[in-house]
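Novice: Relying on the hints, combine the two individually framed chains into one complex.
Residues per chain are reported as follows:
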Amino acid sequence: MNIQFKSIIELREMLDNKSISITELTQESFLLAKKYDELNCFVTMNEEVGQKKADAADSNNKNSSMLFGIPLAQKDLFCTENLRTTCSSKILSNFIPPYTATAVKKLEDAGSITIGKTNMDEFAMGSSNETSFFGNVHNPWKKGYVPGGSSGGSAAAVAAGIVPAATGTDTGGSIRQPAAHCGITGLKPTYGRVSRWGMIAFASSLDQAGPLARTAEDCAILLNSMSGYDSKDTTSLNSDVPDFLANINQPIDGLKIGIIKEFNLSDLDSEVQARFEESKKTYEKLGAKFIEVSLPNISASVPTYYSIAPAECSSNLSRFDGVRFGHRAKNTTDLNDLYIKSRSEGFGDEVKRRILIGTYALSAGYYDAYYKKAQQVRRLIKNDFDQVFQSVDVLMTPTSPNTAFEFGSKGTQNPVELYLEDLFTISSNLAGLPAISIPHGQVNSLPVGLQLIGNFLKEDQLLNTAHLFQKNSDFHLAQPSLEDFS
Amino acid sequence: MDQETVRTICYLARLEIDQKKSEKIQKDLETIVDLIGGLQNIDTSAIEPLYSPLEMTASIHEDIENSDNQKEKFLKNAPESNDDYFFVPRVVE
Chain A
1 MNIQFKSIIE LREMLDNKSI SITELTQESF LLAKKYDELN CFVTMNEEVG
51 QKKADAADSN NKNSSMLFGI PLAQKDLFCT ENLRTTCSSK ILSNFIPPYT
101 ATAVKKLEDA GSITIGKTNM DEFAMGSSNE TSFFGNVHNP WKKGYVPGGS
151 SGGSAAAVAA GIVPAATGTD TGGSIRQPAA HCGITGLKPT YGRVSRWGMI
201 AFASSLDQAG PLARTAEDCA ILLNSMSGYD SKDTTSLNSD VPDFLANINQ
251 PIDGLKIGII KEFNLSDLDS EVQARFEESK KTYEKLGAKF IEVSLPNISA
301 SVPTYYSIAP AECSSNLSRF DGVRFGHRAK NTTDLNDLYI KSRSEGFGDE
351 VKRRILIGTY ALSAGYYDAY YKKAQQVRRL IKNDFDQVFQ SVDVLMTPTS
401 PNTAFEFGSK GTQNPVELYL EDLFTISSNL AGLPAISIPH GQVNSLPVGL
451 QLIGNFLKED QLLNTAHLFQ KNSDFHLAQP SLEDFS
Chain B
1 MDQETVRTIC YLARLEIDQK KSEKIQKDLE TIVDLIGGLQ NIDTSAIEPL
51 YSPLEMTASI HEDIENSDNQ KEKFLKNAPE SNDDYFFVPR VVE
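Going down the list, the sequences are from chains A and B. Once you know that position 362 of the first sequence is 362 in UniProt numbering, the rest is easy, because the numbers rise by one and skip nothing. Once you know that position 65 of the second sequence is 65 in UniProt numbering, the rest is easy, because the numbers rise by one and skip nothing.
The set of hints was computed from the structure by calculation and includes no laboratory data. Owing to the predicted nature of the structure, the values given are computational and were not obtained by experimental measurement. Among these hints, one or two may not hold up.
As the list claims (entries may be wrong) - Derived contacts from chain A toward chain B, CB cut-off under 8 Å, selection only:
hint, residue
1, T332
2, L338
3, R343
4, T359
5, K373
As the list claims (entries may be wrong) - As a list, the in silico DMTMM-like pairs of lysine to aspartate or glutamate whose alpha-carbon atoms are at most 20 Å apart:
hint, chain 1, residue 1, chain 2, residue 2
6, A, K372, B, E55
7, B, K71, B, D84
8, B, K73, A, D269
9, B, K20, A, E350
10, A, K410, A, D269
11, B, K21, A, D386
Using N, Cα and C, we set each Cβ at its ideal position, and we do this for glycine too.
For reference, chain B alone in the conformation it holds in the complex (with noise of 0.2 Å):
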């Protein structure tokens, strides 16, 4: 794992890295995907992925209306907002 990738995945995840800290975490990345490049040893051919030990459909339900509008209290958390919309930087000039 090279710096370059480093910098692509933070950019994908939307995150920055401290300058100080990014040779750590590069090296704590490759660390990681030592250890799961591991499995790359074991014979999966013809194995179906499991990608919930349940193993079932999500569950689904009627499309009903089954509570108030709740705005209010929904918007109350939001950092910035006025009665009726989360607010963000200007996205079209």
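Okay, chain A solo, but in the shape it has when bound (with noise of 0.2 Å):
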């Protein structure tokens, strides 16, 4: 029974049909992340423990959830009880959580089944997947090319087809821009919807879990089970969860859609603009109406995230010392030597100088200019957003200015080129707003993506209008050859 590129809802309908079981559809996932394995999506595998999950839930088949025998991956930055969680750093790749991240045991609870953890940027920082300590993901689409990060696994596995869908972690992108380079779906809900209790920090104030799965629809079923107030999270948001799901399929007739001037898309590449010009046309024959909007502060977006995003992770990876969990360096003198080379030894080159650049923000003398100055000016940033929001119902822009690029090509000799890649993801967690990608078509045989930034707890009109979309639009559907990887 071939089940890749499935669905959740496709593979709901065959194990409720009993065209398949959930032993054999878990062991069809782990058959096909075997024969994958070149793409590298996965650091751990979960076979001993999931393949018992699933063959235990055959004979006990009682939960009703949608999820109930789904296989899912989770990116390596979710805390897995017993199961090794390595952030893709080598100072965690000995790391065996003694809990479960809420997020991931909600959709467990759910009766899916976790067959692995993905690849990702090393701490989640970097937006090609190449700063894994345990080497590179290849895009499903065009081997030697990058996925996009940070939860570049998580983007491929699904791409590639071997689960339905993957959790995601997006603190300035990590979740859309992925999704939009390897031609998948990916929300990035509002801050505090899904509890980041379990969730190794990277920058607090901005990281939100999310889905990336084939379709909108499938995203709702995820963050259905993700959602919901976790009193362990001191940041998670105490609001009901509507039903994202059922809330899918509305009319979008006379919906406001809100083009950002300052965007200037007319610097992009043409096809990429061309694409973008094709999706307006879906919408208005849709009924959705187009309004121009300002968001005067929003190109300050990039150095705004790029002074905060360091501070918060300087702040939040003073954690790793060697001392309670992760790597240890052998022969030091004394504890200030301990830490310092089991530190150097275990973090790798761009989580060193983020570390950096978060120190220099926030020392003395330093504070004012660069830490206090960026938290006021994402405020202006915020205010921008409640303003167009009174006249608009989402805004629109390209996920990414690029498609995916090769490995190597970016960033190498300045790493300023590749933080404007988060040009158009950015401000969103700066605002703590939810905002989705979807695949609408190919340029030069890659994907590329278009993202809904919706206001703040309105995932159930972002789902919905990306759903109208995938329902008159066949992108979502394209699946890669991966000849040059089986």
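Specialist: So this is what it looks like as structure tokens:
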């Protein structure tokens, strides 16, 4: 029974009409992971425990959840009890968490089967998955090309059809940009919608977990399980969680979509632009109206982010000291030497760069000029969003200015070159807003993504808007040939 | 950003930079500081910083015991420990 490239909804039907068992489905998923091993999507597999859970589920078929028996992959940034969790870093390469992250636990409680932990940029710091200690992930659409990042392994595993969906985290675009580069759908929820408990922190005021899947419908299914208040996360939102799947498929006649004037799309590759114009037409046919809006401070998003995120990272990553968990250097002279050597051996170059920038931005004499200043600009950016959401329902942008690029071709001489890739995605993290990326065609045989940004807690509207696009197009059904990988 | 500043930040962050890479790191940091320095041109007088998008006080809960002591489980990940403590190099002579 072929399960590759099937959506959750399709797999659900196959399980329900008994054309496949949970055990068989799980086996198939592990076989696909092995077949496409060369993609390097996974850091650690969960074969023994996963297969055991599948067998037990077949003999105790009681769960009515849509996710019951569905194989999923988890980004290796979520702690998973008794299953190695590395954040794709040498410093955590031997870490076996004593507990499971809330978001993953909720998905597992709904009956899904974790088949493995996916590769990522080290500590989620990167936009190309090239900073992983465990090596590059290939884009399933083209060998030797990046899948995007930081949730690159999750995006590639879904795009290659190994699993129907995976978890990711998004601090500045780390769900949406790899989803765009791999031709799948990825949603970053509102800050606080999904618990951050058990997620290894990068930048705590920006990090948010979310789903990567083949369709908006499948993202809704995962979000239904992942969302909700968690007393273990002090920034968890105590708000009602609608049924995201039930709210999908509403007409969007009269929906007001904002186009951001400050993002000068004429600077983009003409093909990327053309795709964007085509998608506008699709929405117009569905009854949406386009309005040009201005967010005067949005161009400051990249420098604002690259001050705040490293500052928070330098503070969060101070916990890795070689004492309680993780890598410890050998032959050290005293405690300070142990800290320095363990950290210097354990962290990769990009992580070190960000820790140093953050330490600088937070140090005496520079705090006001860099960190506080950035948080003030952040408020201006959020105010701009508050203003435009009074006149539009959603905002639409390309997800990324470019398609996936070749390994090593960007950011090696100048890190800022790669930071600018995040231009369209970063502002929704600064303002805490939900945003989704959906595939809307290809340029030079590589996928391009369309981003929709919604107002606070309006994931239902985003998913609905994305779903209607997918009902009226077939870009999300495109499949990579994978002939270079098997 | 001079070599001395880079050395100070490295020490504060408890990081050591490989001599071969130090020039490159210094250059990278300068480029990034230039990028974030661009914010200085934006007028933010009388603007309160936005430290979290939710702008709410972290929620608190009753101080009640809600799980068992899991010392053994947590000590398992320690690079060096005995049944009770994490081991580190001698701090007091």
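Novice: Look at each hint and say if it fits the structure.
Specialist: Evaluated hints:
1. T332: 6 Å, holds
2. L338: 6 Å, holds
3. R343: Holds - the Cβ of R343 of chain A comes within 8 Å of chain B, reaching about 5 Å at its closest.
4. T359: 4 Å, holds
5. K373: 5 Å, holds
6. A:K372 to B:E55: 15 Å, holds
7. B:K71 to B:D84: 8 Å, holds
8. B:K73 to A:D269: 53 Å, violated
9. B:K20 to A:E350: 16 Å, holds
10. A:K410 to A:D269: 17 Å, holds
11. B:K21 to A:D386: Not OK: K21 of chain B and D386 of chain A at ~44 Å, beyond 20 Å, violated.
Checked against the numbered hints given earlier, this structure breaks hints 8, 11; the rest are met.
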